[in-house]
Amino acid sequence: MFTIPEKTIFPRTDAECPGFDVVGENPAIDDLAVDLPRRGDSCGGISQTTEIDVVRHYTRLSTQNFDIDRGMYPLGSCTMKHNPKLNEAIAADGYWAFPHPYWPEKYLQAHIKIMEEVERDLREVSGFDRVSLLPAAGAHGELTSVFMIKAYHEDRGNHHKKIVLTPDTAHGTNPASAAMAGFTCKQIPSGPDGYLRFEDVEPYLQDDVAAIMVTNPNTLGIYERDFARIAEAIHAIDGLVYMDGANFNAIMGIFQPGNIGADVMHWNLHKTFTTPHGGGGPGSGPIGFNKKLAPYAPESGDPRSIGPVKAYLGQWGMFIRTWCYIRTLGAAGLKQVSEEAIINANYLRRELEGILELAYETPTLHEAVFTDKGFPNGVITKDLAKRLIDFGFHPPTVYFPIMVDGAIMIEPTETEPKIEIDRFVAALREIRREMDENPELVKSAPHTTVVRRVDETLAARNLDLRQAEH
Amino acid sequence: MRYSANTPSSLRAMLDRIGVTSVEDLLGTIPKEARLDRELDIAGPLPEADLVARLEELKGARPKTSFVGGGLYDHYVPSPVDALAARSEWVTSYTPYQAELAQGTLVMYYEFQTYVARLTGQEIANGGMYDGSTALAEAVLMAARVKGKADPVVYVSAGVHPEYVAVLRTYMRYIGVEIATVDLDRKSGATDWSSVDAAALAKAQAVVVQSPNFFGVVEDAAKLPADAFKIGVCTEALSMAMLEPLPVEIMVGEIQSFGIPVQLGGPTAGFFATRKDWVRKTPGRLVGRSKDADGQEAFCITLATREQFIRREKATSNICTASGLMCLRATIYMSLLGGRGLERLAETNAKTARYFARGLADLGLPQVHSGPYFNEFVIDCSSRPDLYDRLLEKDIVLGLPLERFYPERKGQYLVAFTERHHGRAEAILQEVKNLVHDS
Amino acid sequence: MRPDDRKYLKSHEWVKVDGDVAWVGISDYAVGHLSDLVFLDLPDIGTDLMANEPFGEIESVKAVSDLFCPVTAEVIEQNEELLGDLSILSKDPFEKGWMIKVRLQKPHELNDLLDAAGYEKVIQEEESH
Numbered sequence: 001m002f003t004i005p006e007k008t009i010f011p012r013t014d015a016e017c018p019g020f021d022v023v024g025e026n027p028a029i030d031d032l033a034v035d036l037p038r039r040g041d042s043c044g045g046i047s048q049t050t051e052i053d054v055v056r057h058y059t060r061l062s063t064q065n066f067d068i069d070r071g072m073y074p075l076g077s078c079t080m081k082h083n084p085k086l087n088e089a090i091a092a093d094g095y096w097a098f099p100h101p102y103w104p105e106k107y108l109q110a111h112i113k114i115m116e117e118v119e120r121d122l123r124e125v126s127g128f129d130r131v132s133l134l135p136a137a138g139a140h141g142e143l144t145s146v147f148m149i150k151a152y153h154e155d156r157g158n159h160h161k162k163i164v165l166t167p168d169t170a171h172g173t174n175p176a177s178a179a180m181a182g183f184t185c186k187q188i189p190s191g192p193d194g195y196l197r198f199e200d201v202e203p204y205l206q207d208d209v210a211a212i213m214v215t216n217p218n219t220l221g222i223y224e225r226d227f228a229r230i231a232e233a234i235h236a237i238d239g240l241v242y243m244d245g246a247n248f249n250a251i252m253g254i255f256q257p258g259n260i261g262a263d264v265m266h267w268n269l270h271k272t273f274t275t276p277h278g279g280g281g282p283g284s285g286p287i288g289f290n291k292k293l294a295p296y297a298p299e300s301g302d303p304r305s306i307g308p309v310k311a312y313l314g315q316w317g318m319f320i321r322t323w324c325y326i327r328t329l330g331a332a333g334l335k336q337v338s339e340e341a342i343i344n345a346n347y348l349r350r351e352l353e354g355i356l357e358l359a360y361e362t363p364t365l366h367e368a369v370f371t372d373k374g375f376p377n378g379v380i381t382k383d384l385a386k387r388l389i390d391f392g393f394h395p396p397t398v399y400f401p402i403m404v405d406g407a408i409m410i411e412p413t414e415t416e417p418k419i420e421i422d423r424f425v426a427a428l429r430e431i432r433r434e435m436d437e438n439p440e441l442v443k444s445a446p447h448t449t450v451v452r453r454v455d456e457t458l459a460a461r462n463l464d465l466r467q468a469e470h
Numbered sequence: 001m002r003y004s005a006n007t008p009s010s011l012r013a014m015l016d017r018i019g020v021t022s023v024e025d026l027l028g029t030i031p032k033e034a035r036l037d038r039e040l041d042i043a044g045p046l047p048e049a050d051l052v053a054r055l056e057e058l059k060g061a062r063p064k065t066s067f068v069g070g071g072l073y074d075h076y077v078p079s080p081v082d083a084l085a086a087r088s089e090w091v092t093s094y095t096p097y098q099a100e101l102a103q104g105t106l107v108m109y110y111e112f113q114t115y116v117a118r119l120t121g122q123e124i125a126n127g128g129m130y131d132g133s134t135a136l137a138e139a140v141l142m143a144a145r146v147k148g149k150a151d152p153v154v155y156v157s158a159g160v161h162p163e164y165v166a167v168l169r170t171y172m173r174y175i176g177v178e179i180a181t182v183d184l185d186r187k188s189g190a191t192d193w194s195s196v197d198a199a200a201l202a203k204a205q206a207v208v209v210q211s212p213n214f215f216g217v218v219e220d221a222a223k224l225p226a227d228a229f230k231i232g233v234c235t236e237a238l239s240m241a242m243l244e245p246l247p248v249e250i251m252v253g254e255i256q257s258f259g260i261p262v263q264l265g266g267p268t269a270g271f272f273a274t275r276k277d278w279v280r281k282t283p284g285r286l287v288g289r290s291k292d293a294d295g296q297e298a299f300c301i302t303l304a305t306r307e308q309f310i311r312r313e314k315a316t317s318n319i320c321t322a323s324g325l326m327c328l329r330a331t332i333y334m335s336l337l338g339g340r341g342l343e344r345l346a347e348t349n350a351k352t353a354r355y356f357a358r359g360l361a362d363l364g365l366p367q368v369h370s371g372p373y374f375n376e377f378v379i380d381c382s383s384r385p386d387l388y389d390r391l392l393e394k395d396i397v398l399g400l401p402l403e404r405f406y407p408e409r410k411g412q413y414l415v416a417f418t419e420r421h422h423g424r425a426e427a428i429l430q431e432v433k434n435l436v437h438d439s
Numbered sequence: 001m002r003p004d005d006r007k008y009l010k011s012h013e014w015v016k017v018d019g020d021v022a023w024v025g026i027s028d029y030a031v032g033h034l035s036d037l038v039f040l041d042l043p044d045i046g047t048d049l050m051a052n053e054p055f056g057e058i059e060s061v062k063a064v065s066d067l068f069c070p071v072t073a074e075v076i077e078q079n080e081e082l083l084g085d086l087s088i089l090s091k092d093p094f095e096k097g098w099m100i101k102v103r104l105q106k107p108h109e110l111n112d113l114l115d116a117a118g119y120e121k122v123i124q125e126e127e128s129h
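Quick note, the sequences are listed as chains A, B and C, same order. In terms of this note's numbering, the first sequence is residues 1 to 470. In terms of this note's numbering, the second sequence is residues 1 to 439. In terms of this note's numbering, the third sequence is residues 1 to 129.
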């Protein structure tokens, strides 16, 4: 029944449709004259549709998505864990959803209280002195942090500090954020065991280094064992240490970034704290930082503050969800989240022995990275990913991190039961067998989706980014 | 732990299979001195019913009536928007990198891009930004990429939202771009472009204008500096349904008015529209129409080579996760109302604002600016300095005291009116009247 | 063996000289590594280019690469035909697939570049990795 793809809304609209009116009539108002010129073109040609047509269209479209509520979504580093229904129900409550940031504070007391508690809990879980809730998403939190690092150095007259170091395991957002603050990036290759070795960082430790940006555990799922030593050496040249908190879900109650030498880090509330990913946002990217950086924070009130990075108060809708999640679990629950994420990932890794080749043998925490090395008959990572779809699973993160050829990065998260992980392993085992016996089946996957493999080259060559005019 | 998926026995089985006795054995790579040697101090766990009760206890008073706008508008959110946008398939899916599993989200982004392009009168639009303020900062960064050689200065109209300007200042200060302000004409409240040398505007990296501006005044498109690289901002998307699109090189703004609750200003969604020729210089995600292996229409993310995960430090922006779910709400909203429905709603807003403008003026609270306005304007309450507080006692929020951002505007209030005030307009105005007469 | 009537850069660009003008392009080896080409960005006519500095970008679906100019020169022509049809690059990268025509400003720089035999060694090394 769902094999007919739902098209865009454009061809099916009808100029005869009544449309939807939000309000009725008010004779005291409706005859007033408005002295403004009108464009009068139905908003550039946005057509009328009936309510039932809109309801059906967006319902049908939604069924063409894979989502966590449908099945395992083992995207490494993206942390697709269960999004509790409680969070959504609370966030949708009009009392929480409708206040205006410019209302007098007497109407916002409850909201402020929730934000204060989230801030406090984030401080506790990270070991940092201060938290700013303002950034709109993880990358935005990185940018805010990098601005603060820049402000710190300008304040200290460190105008020569223009270099930001990143390991090759870094998310692309790290160098991109650093560049937006006017820094130049240098990429350091990680060592043969998949972590950043002190001796590989050492040659870069010149006076021009402003900061290093390190994800810990890194995107291979490996704890950066030289982190503290590297941090100490960076501090010795008055550099700062940024810890990318993308993988914070693996470390709650286990270690605190603020106590191992990090000066600043960001959270993705939509990774660790179960706010939804929503098909690409909204995220929320609070940052934690120590006293050294406190004067430069967006809301420090200090003249050395970088200033705001976003209008208003931050992603309130995500704070209330985070509050619900943290309060539902408590201290012990949060630690258990990380522990079970690690157990699930290590179990999965163990079960995949003999099926997929590991990129690194080094012990991992909440995720592991495999490669397409040894795939027969010209099968590559992309084919495996697409074939997994036919088994009812979302593919893992592929071709990232970039220094692993044909990377397959798997993160089951703590909310997958063992039985689901076993099903996932069985699917991979079966696909591995197909690669030998029927490689074409794998190479032409997926076979069960509403569309077949989409031609990305065509999309980039013949750019079609909007429906043409009628 | 409530969301744990495992039982003690399944955990035991997994640990056995891994070949360790406890989770501690899996943490061996973390040095002892790095480990947290105490329990976290965090409240909970709370059972669901208790948690809900705790939140209910926290709830306090809320305004009965609010005239507050200033970039976020209290529009009615139609029930189909809430119902459709709450579906798991939208809420719990990831960024649509795997196109075959995300045609729903991809088609939605394509519709969003089309709607925004049509509404703004631009050739193309991207799949959304965090919000209006960051969209503006990104637009100014893009102007530098398009323009190449330019004076490192941005001329910003004094009518641009003060929080947007503050954000822009943050984004510019570390790359050495100066922000210069273009004053408003005191009487009309519109930007006085003649106060700045036209040649300087043309040489600048960009010129930024907001319409309707922060004080509600609709800017005169004919007076915009012709030779400058112009960035238009709109924080009340509904005004675009009525007014001619601004003749600008990049149009950005906030789309919260379309089916997104105010929710303290976040999350909302920003829009970003410009010319097709500059598509490779745009920030953010783009969805394109293509074909699948069978030659059927299909959609996917395109021009990802501009993005941070491929181009890293040379990317057009660091943005990754944007505001998909909020773009979905806006898309459903626009589909539901249609162009004519949006136009009708815009008329209702403008008329409601005029009803209140007249009523407030009759009470001795005149408009400050003479320029044309849409659904928001500034009133002068200096003759009734206690009025704001007196109305608050009745849970009526008169508007935004402009003193908050502009000390010289003490006694002036920015007031916004939407369809929410339309049905009960006489009663609301009467209540304000009573208070004014009592005091 | 690649054509020996021109010089090469390690980064796989070639330059073919005729008097004080030259053509610049990329080798078949580079083209082979950039599958599914979608876009070529070339500098405007009149642009001054520095030796070993990027002069443009070539983009495939999943990657983008800088193009390095082997010599200091001024751009005098773009290959319009190539901009309209990138498939020329895979068919004939050394003749019809030239990218820009330039006027040399420091002809002595040519001495620092690889000849065909030297470039061959670079490729062999890359392939052995």
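Possibly wrong hints are sitting among the right ones.
List time: in silico DSS-like cross-link candidates among lysine-lysine, alpha-carbon distance up to 25 Å [claimed, not checked]:
hint, chain 1, residue 1, chain 2, residue 2
1, B, K314, A, K113
2, B, K64, A, K113
3, C, K96, A, K186
4, B, K314, C, K10
5, A, K106, B, K59
6, C, K62, A, K382
7, B, K291, A, K7
8, B, K410, A, K106
With the C-beta cut set under 10 Å, the calculated list includes, among others, these residues of chain B facing chain C [as the list claims (entries may be wrong)]:
hint, residue
9, S195
10, V196
11, A199
12, K203
13, R280
14, T302
15, L303
16, R306
17, R311
Hints in this document: simulated from the structure, not taken from any laboratory. Ideal Cβ placement from N, Cα and C applies to all residues, glycine included.
Hint check results:
1. B/K314 <-> A/K113: Answer violated: B/K314 to A/K113 is near 41 Å, above 25 Å.
2. B/K64 <-> A/K113: Between B/K64 and A/K113 the Cα gap is close to 22 Å, so the pair holds against 25 Å.
3. C/K96 <-> A/K186: It is violated: about 37 Å lies between the C-alpha atoms, which goes past 25 Å.
4. B/K314 <-> C/K10: Holds: B/K314 and C/K10 sit about 22 Å apart, inside 25 Å.
5. A/K106 <-> B/K59: With a Cα-Cα distance of about 11 Å, the restraint between A/K106 and B/K59 holds, given a limit of 25 Å.
6. C/K62 <-> A/K382: 13 Å, holds
7. B/K291 <-> A/K7: Holds - the C-alpha atoms of A/K7 and B/K291 are around 13 Å apart, at most 25 Å.
8. B/K410 <-> A/K106: This hinted pair holds, its Cα atoms lying about 21 Å apart.
9. S195: With Cβ-Cβ at 35 Å, over 10 Å, it is violated.
10. V196: At 30 Å from the nearest chain C Cβ, B/V196 fails the 10 Å test, so the hint is violated.
11. A199: Cβ of B/A199 sits 24 Å from chain C, so the hint is violated.
12. K203: 20 Å, violated
13. R280: 7 Å, holds
14. T302: Nearest chain C Cβ about 8 Å off; hint holds.
15. L303: Holds, because the Cβ-Cβ distance from B/L303 to chain C comes to roughly 8 Å (cut-off 10 Å).
16. R306: At 8 Å from the nearest chain C Cβ, B/R306 passes the 10 Å test, so the hint holds.
17. R311: OK, holds: B/R311 within 10 Å of chain C, min 6 Å.
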